[in-house]
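Colleague: Chains as they are written, first to last, in my numbering: chain A, 18 to 212; chain B, 42 to 125; chain C, 572 to 933.
FYI, nobody ran anything at the bench for these hints, they're computed from the structure. All residues carry an ideal CB built from backbone N, CA and C; glycine is no exception. Mixed in with the good hints there might be a few duds.
Away from chain B, derived, C-beta distances all over 12 Å, residues of chain C [said to hold, decoys possible]:
1. A648
2. K654
3. N689
4. S775
5. E879
6. G893
7. K930
Reference listing, derived: stretches of chain B covered by chain A, where coverage requires no fewer than 3 residues with Cβ under 8 Å from a Cβ of chain A [claimed, not checked]:
8. 47-61
9. 83-89
Straight line, CA to CA, 27 Å or less: simulated DSSO-like cross-link-like pairs of lysine-lysine [said to hold, decoys possible]:
10. K812(C) to K897(C)
11. K613(C) to K174(A)
12. K201(A) to K812(C)
13. K124(B) to K613(C)
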Amino acid sequence: MSIVTSCKLNASSLIINNQLIHTISGDTIDWKRELYNFYSKDYPKFHKMDPLAKMAFLGILGIEKTTDLSVYDDNEVSMIFANKTSSYKSDSNHFENYTKKNLISPSDFVYTLPNILTGELAIYLKWYGENCFYILEKFDLDFYIEQIEIAFSKGKKACLCGWVESSDKSEDLIIFIIENQNNKINKEEIYSYFK
Amino acid sequence: MSELKETLKAQIIEQLNLENLTVADIKDDQPLFGDELGLDSIDALEFIVLLEQNYGLKISNPSEGKDIFHSVNTLAAFIEKNKN
Amino acid sequence: MKDVFITYGSLVTPLGSSVQENLDALKTNVSGVKVVSNSGFKGENWPLAKIDTITENRFSTLLLNSLIELKSNFDNAILQSEKTLFIISTTKADIENFPEDTFSVINEVLYSELGIKNKPIIVSNACISGVLAINLAADYIRLEKFIDVIVVGIDVVSEFVINGFQSLFALSDEIARPFDKTRKGISLGEGVGIVLLSSNKRNSNFHAKYINGSSSNDANHISGPSRTGEGLVRSINETLKRSNIEKNTINFISAHGTGTLYNDEMESIAFQRTELNTIPMNSLKGYFGHTLGAAGVIETIVSMLSMEHNILFQSLGFSEVGTTEKLNLIEKNEFHEINCVLKTASGFGGGNASLILVKEVK
């Protein structure tokens, strides 16, 4: 059991496998757009996504820099995602629309569910597997380890885990893939990886 | 009319977050819901918001929108016909 | 594999403040959905399943109300045990108070009212949250992390959510009619359902055995249901496989059936593809409205009532086939021996989930 790949990103940097890959200049209006350009990926749906889904998608592109995700069958990977503030930014948009702009927008409302981001990843990766979104007080490695244990007990080949936060204070993403090796989980290795 | 069409294209790009496109990429008679632009059912509903916000035109049943949203030409014709 | 039993915790809906009150109402086929004047974005009078007695702080009041029956069913030895976990299933929690923190009130209420010992887990995965939460509860028990897991499914009707579904043209101007030819959309509802899953049989007259469950994503569209029902087909097939039971042992299907054109059509295709379309089936959205994160738990409770009392409840609002594939929708209440139930759910984000319960003989 090992952590195959991880990707961390925020408004200032892109880090893959604990190595700084790109420093974000911050010259553009949205750092996520700058990072999208950095990857030179053509995926028009990106522009329609809310901040949570954009970050998760950019995280996946980071993972794909070093890992071939097509080795997995379309139901072999469980997605385990969480954050503290749910879809706060999209909630704000929708709320402002009807309280201040006398407007209701279907595309803004749809993103007021945090699990839309796992839906976006499922569409991009063509993965039909199990996934779930949780609200937690903070990033809690033990929680992910429990969920991974559950997924492995069902024979899943890997887990794609993520913590993705977009609030007024900050935007942060940690995403990592853990591969199932004989249903054993080496907690120490995971702890030390995230130290 | 052609000015209206150019304005419409810019509004479509803005409203539907089609940041990968420019006004020049959308042709007047191009089917908006064909494969090329990749628009979907939520986009169709966003057209309703666009018409109401920018032109004060109301569509109360999404199925009415099907012919209206066919292309920039049909959208412009609908706006011309219904403006005051 | 360790046996997992499931039993009633609490049920508060517009139809009643306890499991028994809801059962009595269901037997008479009354709907909790009523026209609420001026509830729409432009002053529309949407039919909604709201609990009349709650006038403010809908979410925390509803949560508090649901704990009364829970406390009468289980004593502190269970509620406050270190081997008991709470899993909450909700889409928008206390969204009425946005932009304040909408989720923190859950823990505040559970710690102060019940004195729980473990940090609750909140599942927020759109309309399949309830079924996912029950599946997760069983997983925790099977891995022997906990002895008892209490699943609370809860959501309230709010301006936020009404305006959102209105923007999608998804609301019906009459009481939702799932699977019917004349269906126009959903009726939003609110409520709480609580179930207890345990490796023990806990102080109740009725238990079902939780057999298995699973989920699958459509990988197709973030809000539109798959035209082929792919995700739901995959989830049902996986749940059947994990349960190791034959399809013909299922006596009843509690479908999702929101009442929108596309969702119900998708489900009909999925049930046809899985060859389950002749099994008696209902949607409860005509009674409770669509209670979003609570729906999976509330509908599982009613499935358990169907097993306990051997009643197939009428699929309220259905009268004429309105889907490409014909389903066996229950047209009036019937008494019928029910031993095995399939519960399904589908939702935004492309999610689909299912689970199977079997009646546990006393």
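Colleague: So, against the hints stated earlier in the document, which numbers end up violated here?
Modeller: Going through the list in order, the structure violates hint 11 alone and respects the others.
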